[in-house]
Amino acid sequence: MKLLFKYLKPYKKLLIISAITDALGVFLLLCMPYVMSEIVDNGIANGNFKSVINSSIIMIVLSLISLASSLVANKNNSALTTGFTKDICNATFKKINDLTYDQYAKIGPSGLLTRVTDDIFNMEGVANTLVYTVVSVPIMFIGSAVLAFLADGVLSVIFMCVIPPVIIIVLIVMKPLHKMWEKSDKYIDEQNKIVRERLSGLRVVRAFNNEEKEHQRAKFATEEMSKYMIKANVRSGYIDPIAMLLLNVATVIMVAVGGLRAQSGLLDKAGDIVAIVQYVALISNALINLTWTISWLPRLKVSIDRINEIHQMPSVEDENLLSGEQIGFGESQIELKNVSFRYPKARQDAIYNLSMNIRQGEKIAIIGGTGSGKTTLVRLLLGLSSATQGEILLNGVEYSKIAKTEVRKRFSVALQKPMIFEGTVKENVKMGNPNATDEDVFTALKDCQMETFILEQEKGIEHFLVGGGQNVSGGQKQRINMARTVVKDADIYVFDDSFSALDFLTESQIKKSLAKRLEKKTQITVTQRVSTALFADKIYVLDGGKIVGEGNHEQLIKSCDIYREICISQLGKETVERIENNER
3 MKLLFKYLKP
13 YKKLLIISAI
23 TDALGVFLLL
33 CMPYVMSEIV
43 DNGIANGNFK
53 SVINSSIIMI
63 VLSLISLASS
73 LVANKNNSAL
83 TTGFTKDICN
93 ATFKKINDLT
103 YDQYAKIGPS
113 GLLTRVTDDI
123 FNMEGVANTL
133 VYTVVSVPIM
143 FIGSAVLAFL
153 ADGVLSVIFM
163 CVIPPVIIIV
173 LIVMKPLHKM
183 WEKSDKYIDE
193 QNKIVRERLS
203 GLRVVRAFNN
213 EEKEHQRAKF
223 ATEEMSKYMI
233 KANVRSGYID
243 PIAMLLLNVA
253 TVIMVAVGGL
263 RAQSGLLDKA
273 GDIVAIVQYV
283 ALISNALINL
293 TWTISWLPRL
303 KVSIDRINEI
313 HQMPSVEDEN
323 LLSGEQIGFG
333 ESQIELKNVS
343 FRYPKARQDA
353 IYNLSMNIRQ
363 GEKIAIIGGT
373 GSGKTTLVRL
383 LLGLSSATQG
393 EILLNGVEYS
403 KIAKTEVRKR
413 FSVALQKPMI
423 FEGTVKENVK
433 MGNPNATDED
443 VFTALKDCQM
453 ETFILEQEKG
463 IEHFLVGGGQ
473 NVSGGQKQRI
483 NMARTVVKDA
493 DIYVFDDSFS
503 ALDFLTESQI
513 KKSLAKRLEK
523 KTQITVTQRV
533 STALFADKIY
543 VLDGGKIVGE
553 GNHEQLIKSC
563 DIYREICISQ
573 LGKETVERIE
583 NNER
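Okay, so the sequence shown: first residue is 3 according to my numbering, each after it adds one.
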């Protein structure tokens, strides 16, 4: 509950005002039965019409004041609820963006989505009803009970005998609810995950004729989710009818006993029966709200725990971590020592016992087939994932001791999948360097062979791009992505399969431009194409997450069978043999 109170604290003033106005409304409501009893005893019983009119006016005035206090309370409550929900949503979103890949993968996008929607919605409901539950219900319950007892102790005792059974029923009903809601939310996450997978891989599912299998997965998750949700709701639904039955039976008994007591002369005023019945109605209302709140607590606890799971994850940064001044500026030497990495729930390592030394200014190429661990290696270099075993060092300092933002300052990355956001070309490129001028943006685009495209557009670098880059080709998206990378002044530039959508001529021209632009800068190019790796000072060949070859092109074609096979598959056997013969 600490999380709940943390985000309610800034709205303490609104809480106090709402509590005061709500309490005022309840006090006025408690006065109504007394006024009604006065109408019965002094007005109707004595035929005093003036007393009836005066008491009625008092009731109207009390009702109007109660209405005004309720309006003020509702207004403040709405401001409280809106502000609380906004704050916790913003904080949760910010925290999610601060998570590492490992932390993100632990919950998954489907789990995060349901947490920031369904679970926060449940917490919003708490904020909306908090004042009424904490302030109004106890005042209404205790006040009605005391006033009813003062009116007639015997009738009040009859009613109070019903309260313990109602509370016992509530406790019995709510005992298994926590596990039910927990399992229900688990399958909501699973259902969301399956739907997301189906939407993103619909063509693959159809191509391999796996639609029936995917239907069954979705069906199972939906049925399990609905089973626990229905059980929890049905079980919660027992409370209202049972409690109402007991309360109504008690009310009937009270009216019957009150009538007998009035006939026998033990009850002096008939208005007391009317007042007690109304007090009983108020107590019943308060008791029903209280029981519903108690039965809803397991659902709330599950939601708070799920949100808290995100907020309690260790932050990316730590004040004790080393800064750039402590590890040195100007050079960024990267060394990997026996590094292994395994994804959560995976059966084997994606990268195994990998060692390499990347010096400042070197041009490195990492080549390998699909699934060889190339992109995983990039994630480790950027500090997006932590090595399962081994060490990654920056200027001789282990990554775990360096602030992650400091690690990433030294890198500029063109990711494998080019991300194009809705906005102008300039806005997309400036994401790499917000301080870049228009000239810097145009130069970066020019070096990435986008000059012709920009000059053909009426608005130049202000040309508008649709989200996802749907109004440009795949190659143009790649080049904008690379321009975003090179516009940043960094020590190390990583191109993660960024040349795959480019033809060989365009690739060659970009390499020539970048060779001048990034002179003395470290370049790491991840690729499946031999032609892309040829420019490198050193080539690392990955296969099955291991380094199976290291050296330049001439060395590897002789010493590494896998590299030679890649060359033959892409360049042809005759070409490879001709190269080897020429070298001899």
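Honestly, the hints are just simulated from the structure, not real lab data. Incorrect hints may appear among the rest.
[Stated by the list, open to error] Below, computed lysine to any residue pairings styled on SDA-like, alpha-carbon distance capped at 25 angstroms:
1. Lys-188 <-> Gln-105
2. Lys-560 <-> Gly-546
3. Lys-347 <-> Thr-445
4. Lys-518 <-> Thr-445
5. Lys-8 <-> Thr-445
6. Lys-77 <-> Leu-132
Everything numeric in this text was worked out from a predicted model, so none of it was measured.
TODO: Give me the numbers of the hints this structure contradicts, sorted from smallest to largest.
DONE: 3 and 5
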